[in-house]
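Colleague: One-letter residues, chain by chain:
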Amino acid sequence: MAPLETQNRNNPNARKANRQSSATSSVELKGSVFTLTVLRLRSFDVESVGAAIRERIAQAPRFFKNAPIVLDLKDLNSINKTYNFNQLLSTLREKHLLIPVGVRHGSPTQNEAALQAGLAIMQSGDTFTDELDSADTQAPANPNGEQAESMQPRRQSSTATFVDHPIRSGQQVYAKGGDLIITAAVNAGAEVLADGNIHVYAPLRGRALAGIQGDENARIICQCMEAELISIAGNYRVFDEVPEQYLRKPVQVYLQGDKLNINPIGK
Amino acid sequence: MSQVIVVTSGKGGVGKTTTSASFATGLALRGHKTAVVDFDVGLRNLDLIMGCERRVVYDFVNVINKEAALKQALIRDKNCDSLYVLPASQTRDKEALTKEGVAEVITELRNTFEYIVCDSPAGIERGAVMALYFADQAIVVTNPEVSSVRDSDRMLGILAAKSKRAEEEGDPIKEHLLISRYAPKRVNSGDMMSMEDIQELLSVPLLGVIPESESVLNASNSGIPVIHDTGSNAGQAYHDMVARFLGEHRELRFMQPQKRGLLHRLFGS
Chain S
2 MAPLETQNRN NPNARKANRQ SSATSSVELK GSVFTLTVLR LRSFDVESVG AAIRERIAQA
62 PRFFKNAPIV LDLKDLNSIN KTYNFNQLLS TLREKHLLIP VGVRHGSPTQ NEAALQAGLA
122 IMQSGDTFTD ELDSADTQAP ANPNGEQAES MQPRRQSSTA TFVDHPIRSG QQVYAKGGDL
182 IITAAVNAGA EVLADGNIHV YAPLRGRALA GIQGDENARI ICQCMEAELI SIAGNYRVFD
242 EVPEQYLRKP VQVYLQGDKL NINPIGK
Chain A
244 MSQVIVVTSG KGGVGKTTTS ASFATGLALR GHKTAVVDFD VGLRNLDLIM GCERRVVYDF
304 VNVINKEAAL KQALIRDKNC DSLYVLPASQ TRDKEALTKE GVAEVITELR NTFEYIVCDS
364 PAGIERGAVM ALYFADQAIV VTNPEVSSVR DSDRMLGILA AKSKRAEEEG DPIKEHLLIS
424 RYAPKRVNSG DMMSMEDIQE LLSVPLLGVI PESESVLNAS NSGIPVIHDT GSNAGQAYHD
484 MVARFLGEHR ELRFMQPQKR GLLHRLFGS
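For the protein sequence lines, the chains are S and A, in the order given. Counting in the working numbering, the first sequence runs without a single skipped number right up to 268 at its last residue. Counting in the working numbering, the second sequence runs without a single skipped number right up to 512 at its last residue.
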């Protein structure tokens, strides 16, 4: 099975169009999913931005070398003056070896300026990217005066799709933009997909594909593991036989690197 | 208010026609005016099982094409006054079934009959979809065997998606599970899926369990639906099923391997 590259994987017309163009032309257009680091700007001042970046990059220089990044302008929307990105961009490129490819959450004027500077306007709404800037949240102190472990929510929650009837052989359910919660069986030959996590509070006997837009943090959690296939962000595994240690047991599946981990839940 | 009931399965050879014949007969024997319709255009079997294959003059497709009136095509059952058979065409194919044509025939049948039993062909293509499209209730016939259960599951999905009630977002079709060719000895030995296994996989209310029985072959050979064979287990199980359908309570019988005496083994099944 080819990695899920586009949202149109079930649309035969999309695939046909690609094939036609590649037969005759010298280019091929394909949708693809990439994980990008987001640089959230709190200031347009090149000096202070530069200093902050230098500090963060020092923690993992090799990771950030030539990394493609997206500039998040949410905190700067209130600044009305038109901004010239060029100076910031050349600093980022030359001094810090980062490669800005686009912006997101910009105001209309900021977007216009970004386009002028050759940056793309990225689709906002997905927050699956790691944030380069650390959030200065105070970890909540518990009554004993100890600092509780800071529990940063990994991402914004989107609406979950909820299903309470069995998914039958040949049926497919896709939870777009969020999690999928099912409280009845997913039968053999059925397929459930989600941009986010998949929770099945019943036997999972069919196929489950989580994080299909590329979210590697997505998980599959089920009460009774009998799945034919599980996949997270395109990394999949088929089961001719589900191994004894988690057959029909409650498990959670998550990605570590590009390896799928299956862990029993509870004892 | 007349009821259209489709007898379907997905899988072929599980007992749809056998069930349609006996179920319709059972309803008619209890005084309800019933029509049983064969939707298997080109491979018709219902007329054989009902024993009227030599009395077919006009068929379902003739009526749809306005080549004959419904009254002319309906064949009265020789064993039961309240029962009529609408046979399928043997020479045409399923393309002859149009939604509008079938709709008209069903509407006309609703005017005269209390129950209209639609015997579906195997598969999930046009014939099967036509058979289920106008249904109010569905009996999904399943053998205790993995491919039959998978196909029944698929069919349940199709019932929930492709019927008229589904398209118009009305009340969903009332679904019933009928397990047929059940062999308790093989269930106990672990070879065959149990009733509980099947119910767990399909999650549909159980209408009945028809045991594997030699009487079924005898019935189709003689053209008399097995429900008339009150001595046979299958016949009795069909009576139970009809009773349950009409709201009566019946215990499930024939679920345990039977100890058969010498005489029984020699003469009965």
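None of these hints come from the bench; they were simulated from the model. Errors might be hidden in some of the hints.
Unchecked claim - With beta-carbon atoms standing in for the labels, derived distance ranges:
| no. | chain 1 | residue 1 | chain 2 | residue 2 | range |
| --- | --- | --- | --- | --- | --- |
| 1 | S | G32 | A | N354 | 51 to 61 Å |
| 2 | A | E439 | S | L248 | 12 to 22 Å |
| 3 | A | L495 | S | G179 | 22 to 32 Å |
| 4 | S | E245 | A | E357 | 51 to 61 Å |
| 5 | A | E338 | S | K75 | 54 to 64 Å |
| 6 | S | E245 | A | D434 | 45 to 55 Å |
| 7 | A | V300 | S | F163 | 36 to 46 Å |
Claimed, not checked - To give an idea of the chain S side of the interface with chain A (calculated C-beta under 7 Å), a few residues:
| no. | residue |
| --- | --- |
| 8 | K75 |
| 9 | T110 |
| 10 | A114 |
| 11 | Q173 |
No experiment lies behind these values; they were computed from the predicted model shown. Beta carbons: idealized from backbone N, C-alpha and C, even for Gly.
Colleague: Confirm or reject each hint.
Modeller: Each hint, compared with the structure:
At roughly 55 Å, the beta carbons of S:G32 and A:N354 sit within the given window of 51 to 61 Å. Judged by the Cβ atoms, the range 12 to 22 Å given for A:E439 and S:L248 holds: they are separated by roughly 19 Å. Against the hinted window of 22 to 32 Å, the Cβ-Cβ separation of A:L495 and S:G179 comes to about 44 Å, which falls outside the hint. Between S:E245 and A:E357 the beta carbons are some 54 Å apart, a value that agrees with the proposed interval 51 to 61 Å.
The hinted range of 54 to 64 Å is satisfied by A:E338 and S:K75, whose Cβ atoms lie roughly 59 Å apart. Checking the proposed 45 to 55 Å range against S:E245 and A:D434 shows it is violated: the Cβ atoms sit about 22 Å from each other. Our hint of 36 to 46 Å for A:V300 and S:F163 is violated, since their Cβ atoms are close to 55 Å apart. Among the interface hints, the one on S:K75 is violated; its C-beta lies about 41 Å from the nearest C-beta in chain A, farther than the 7 Å criterion.
Violation of the interface hint for S:T110 is found here, the shortest Cβ-Cβ separation to chain A being roughly 47 Å, above the 7 Å cut-off. Given hint, S:A114 at the interface with chain A, is violated; its Cβ is 49 Å from that chain's nearest Cβ, farther than 7 Å. Interface hint at S:Q173: violated, since its Cβ lies 10 Å from the closest Cβ of chain A, which is beyond the 7 Å cut-off.
Of the numbered hints stated above, those contradicted by the structure are hints 3, 6, 7, 8, 9, 10 and 11, listed in ascending order.
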